[in-house]
Amino acid sequence: MHESLHFNSTGPAYGRPLSEGITEIGARYLVLKYELLTPYAVRQEEATYPLERKGVELILEEIMKKKSIGRDEAVELLLGAYLTGNQDGMNQVVGAETWKEVVGLSHKVGGWQTHRIKEALKNQGG
Amino acid sequence: MALCLFTSGLGEPAAPKLETRQPRSIYELLYSFEHTFKNILSAEQWNLYRKNGPEDIRRTDPELYYRISEDVRAWTDLWIHHVRTNIVPISEKRLNTAHQKAGQVDAILKAHFEARGWPYKTLRAVFLPPQVFLDERPVHSLLPGGLFCLGRLAGAAGAGSHA
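As given, the protein sequences belong to chains A and B, one line each in that order. Position one of the first sequence corresponds to residue 1 (the numbering used here), numbered consecutively onward. Position one of the second sequence corresponds to residue 1 (the numbering used here), numbered consecutively onward.
It cannot be assumed that every hint is accurate.
[As the list claims (entries may be wrong)] Derived DSS-like pairs (lysine-lysine); straight-line CA-CA distance at most 25 Å:
1) B:Lys-51 x A:Lys-108
2) B:Lys-101 x A:Lys-33
3) B:Lys-110 x A:Lys-33
4) A:Lys-100 x A:Lys-65
5) A:Lys-100 x A:Lys-54
6) A:Lys-33 x B:Lys-121
7) A:Lys-100 x B:Lys-51
8) A:Lys-108 x B:Lys-110
Just so you know, the hints here were simulated from the structure itself, not pulled from any lab data.
Please take these sequences and the hints and turn them into a complete structure.
And the structure:
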C-alpha cells in the first residue's frame, strides 16, 4: 500500500519527510478503511516513520480545524494533493504562502521539526 | 563492499557480458547502484542524482533520468532473476497468498483512485525470499515479512533513498 502510493504520486516533489509522512498516514488510513489489517496490527507498526508522521499530523489538525472536517476527510485532501499534484485544496485551506513554507521545511536539512511546522502553520494569519 | 554494475550507456539493456557476482541482499543492490553511478556519471550528474529526487532529476535532465531509470530497471530485473534461480524459493503456497493479497490491494486502490478521479498505475509487486532482506550492517536485521516491493526501484531513478 505504502509503495503503491509513492508509485502513484505525480505531483511536485515534496521533501522526503513530508512524502513519507503523507504516504505512511495515507497507507494506514486505507488499510483500516478497507479492513486489510486490524487496528491492533496497524498500531504494532508504530516505529515506521514516527517523526515524519508527527509533522503530518500537525498539518491534518490544521486542515480539520480550518475546514471543520474529520480526520479521514483531511487525510483524503492531503493525499489528493500529494498524488495528483493539484495544490489548490491545500492552498485554499492553509494559504498558498503557508503551504509553500511547510513544503519548503520538508526540503531543508533539519527542517522537519514540530516546532518549525507549528510556527509555519501559525504564521498564516488565521 | 559495493559491486560495480554494468551500465546501459544510452538506453541499451544493461545485461552484463561477463559472469559477475550479484548483490547478496536488497541493501547491497542499493549500495551497488550508488557505487556504480558514482563511477560512471560525471561529477555534475552524480551531484544531481545524489541530491535530488526522481522528479527533480526528470525535470532538470530528462536524458539522465531515462538513463538512470533504464539502468536501475535492468540491474534490478537481473538481480531478481538471480535471486529466483539461485536462492531457495518461497513456497508456492506462500507466494500465492502474497500474490492474492497484492491483487486485492491493487483492486482496492484502483477503485479508490477512480472514485476520486485520480490517475492510477498498478505497481509491479515482486516477492523475494527473506534471505535477501538480511542487512549485514549493524542495527538493522530483517524487513517485516521479508516481502518488499521493487516497483519504485524499477520504475524510478534515485532509488538509493529507499527506506
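How the hints compare with the structure:
no., hint, result
1, B:Lys-51 x A:Lys-108, "12 Å, holds"
2, B:Lys-101 x A:Lys-33, "16 Å, holds"
3, B:Lys-110 x A:Lys-33, "14 Å, holds"
4, A:Lys-100 x A:Lys-65, "19 Å, holds"
5, A:Lys-100 x A:Lys-54, "19 Å, holds"
6, A:Lys-33 x B:Lys-121, "20 Å, holds"
7, A:Lys-100 x B:Lys-51, "20 Å, holds"
8, A:Lys-108 x B:Lys-110, "33 Å, violated"
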